[in-house]
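Trainee: Protein chains in written order, with the numbering used here: chain D, 1 to 210; chain A, 1001 to 1183; chain X, 2001 to 2188.
To be clear, the hints were calculated from the coordinates, so they are not data collected in a lab. Certain hints may be false.
What the hints assert, rightly or not - DSSO-like mimics (lysine-lysine), calculated; alpha carbons at most 30 Å apart, straight line:
#1 X/K2058 - X/K2090
#2 X/K2065 - X/K2176
#3 A/K1153 - X/K2176
#4 X/K2149 - X/K2032
#5 X/K2032 - X/K2065
#6 D/K187 - A/K1105
#7 D/K12 - X/K2064
#8 D/K165 - A/K1153
#9 A/K1153 - A/K1105
#10 X/K2090 - X/K2065
#11 X/K2176 - X/K2032
#12 D/K188 - A/K1111
#13 X/K2065 - X/K2149
#14 X/K2149 - D/K12
#15 X/K2058 - X/K2032
#16 A/K1111 - A/K1171
#17 A/K1153 - D/K188
#18 X/K2165 - D/K12
#19 X/K2032 - X/K2090
#20 D/K187 - A/K1171
#21 X/K2058 - X/K2165
#22 D/K148 - A/K1111
#23 X/K2032 - X/K2064
#24 D/K165 - A/K1105
#25 D/K188 - A/K1171
What follows is each chain in one-letter form.
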Amino acid sequence: MSAPSCSPFDLKDYFYRELADPQRLQVETHIRVCAACREELDRLGQTEHALFALRDEEIPQRIGFVSDPVFEPSPWRRALASFWNSGPRLGFASAAMLSAALVVFALVRPAPAPVVRVAAAGAPPAVVTAPAVSEAAIQARIDAAVAKAVAPMEVRHEAEMRQVKADLEGARQRLILAAEEYDYNHKKEASAMISAGLYAPPQHGTGEIR
Amino acid sequence: MKAPHRFYALALLALPLGAQMASRAAVPPAAGVAAQRVSISNLYTIERACDDRLRGIGEPNTVDILGATRGLYLDGYGVVFTSEVGLVTPPAVYPFHPTITPQEKLQVHQKKLQRLPVLRTTMREILRSAASSLAGVPDTQQIVLAVRLDYMKWEDTSGLPAMILMRADRKSALSGDVTVEEQ
Amino acid sequence: MIFRAVEDSDLIRQAARGSVEAYNLLVSRWEKRVYNYLLRLTRNREDALDLTQDVFLKAYQNLKKLDDPARFAPWLYRIAHNEAYSLFRKRRPESDHEEVTPEATETGVSVAGTSVFPIELSLAVAAALDRLSHDQREAVVLKHYQGFKFEEMAEILGCPVSTVKSRLYTALELLKAELAPVKARGLS
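Throw the hints in and build the complete structure from the sequences for me.
Mentor: Here it is as structure tokens:
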């Protein structure tokens, strides 16, 4: 059956997206009101869909080429190529450089000067404070103390979570097994009814596909 | 690659259950020769015989038919039978037996490996007898039998195919000379 | 897809400079597609495999002639197309078309166990494709299975876009008629 001729442009051009936008829009406007053309497009779509029933096969034998020494690049070129062509290696190198820079910066940075109060003339003697501890050091001590306090709780919490996860996973696996068995039995019963002849064939006609 | 259209599944085959429940609509006798080649009741008889033979691969009630055999005649090509089989009935899961033990998994796997050659032999015999019954099909047309093997997710499927397909033109099928594809 | 095209370009450049390792990686990406293209044309697995090997060997030998690595795919398939046709001419020099009846060929159907399609449909499609002329079948394979644009197909087949379209549209019409939705069994 050939395509209906009422479409403003070839429906196959539309199907394969070969139409420019103005033409495409015209076809789309047309098919909104034309059942025959809509059906034709559906048939083309179904045909394409059917074609995908034919699956690609695995190649029975992989193809490989062996190297010919004449054409091999030199070891130095290979090493260089393998470094520059490798994303992970470049990333690692960048990270290593950054880390080294940070360490160097930390080592050569001058220490902050201690704060010393100087008594003004006539004022009562000021308290000379000892060199102030840095904020960072204070924070570090606080963090350490907190970590020590919560450590046992975290260990317990982790163990509990592991147990909960394991229980959930076990339940999930059992559910999957049960569901699979249910499906299996369902298929088996349905087939058994057919095999037992509970659905008799029609008396006429053929099994022919035209 | 695909055009952005809505696709409808081709009604080439209804669900297995539906296909078997075809109504008994009266059909006027077709004028063409092809219409007389294969009768639906003939196909049905072969289908049921195929089910029985497949079940007989193992001891009683240990091989399951999960998709009753269905046959179709493709005009110009031949007859295709498809079936789905559970080569070994799996162990049941219930409150006192909530999981499948490694030992059971091993037993199922080994049993399936043992039954595989029997399945292949049975399939050849089914093809031979189908070819013999389908006298209306030309010698050059194909008789095909595709058996899908069902596996549970926990199964070890190493060495076991997902499907065995045997085909031959009718003449070759009568002599047991068939092409086998396994995937 | 763009990512992959860039990587393929790198591999092509390296292979053109003599890196067999790069070429093998390139081959591993394309061999299955080329094999299936040739399988649909030849409908014979042995021929398709032999041709695939020849195609990649020829491609390696001529890689330096490829000006634009981005055009690798149509260039490669042009080689494959030519190899297939050389084989056909060797076997049947008097005819351009391979008129083979479905029964006489191995339809090269892959029967994936986990396919969502019924096996009958796969076989019907394979038989319908077999009934097309060689040119029509090739057009369908390049468009629907290999995903090429019309311009690329014209380059591969060495003919104008209008010819490619004509072959494909005719093929689609024929396939549509053959694979039209089927009446359920038992109904007229």
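Trainee: Each hint needs a verdict: does it hold in this structure or not?
Mentor: Right, here's what the structure says about each hint:
| no. | hint | verdict |
| --- | --- | --- |
| 1 | X/K2058 - X/K2090 | 18 Å, holds |
| 2 | X/K2065 - X/K2176 | 41 Å, violated |
| 3 | A/K1153 - X/K2176 | 38 Å, violated |
| 4 | X/K2149 - X/K2032 | 20 Å, holds |
| 5 | X/K2032 - X/K2065 | 24 Å, holds |
| 6 | D/K187 - A/K1105 | 21 Å, holds |
| 7 | D/K12 - X/K2064 | 38 Å, violated |
| 8 | D/K165 - A/K1153 | 21 Å, holds |
| 9 | A/K1153 - A/K1105 | 11 Å, holds |
| 10 | X/K2090 - X/K2065 | 27 Å, holds |
| 11 | X/K2176 - X/K2032 | 27 Å, holds |
| 12 | D/K188 - A/K1111 | 19 Å, holds |
| 13 | X/K2065 - X/K2149 | 23 Å, holds |
| 14 | X/K2149 - D/K12 | 14 Å, holds |
| 15 | X/K2058 - X/K2032 | 17 Å, holds |
| 16 | A/K1111 - A/K1171 | 34 Å, violated |
| 17 | A/K1153 - D/K188 | 17 Å, holds |
| 18 | X/K2165 - D/K12 | 9 Å, holds |
| 19 | X/K2032 - X/K2090 | 25 Å, holds |
| 20 | D/K187 - A/K1171 | 34 Å, violated |
| 21 | X/K2058 - X/K2165 | 29 Å, holds |
| 22 | D/K148 - A/K1111 | 58 Å, violated |
| 23 | X/K2032 - X/K2064 | 23 Å, holds |
| 24 | D/K165 - A/K1105 | 25 Å, holds |
| 25 | D/K188 - A/K1171 | 34 Å, violated |
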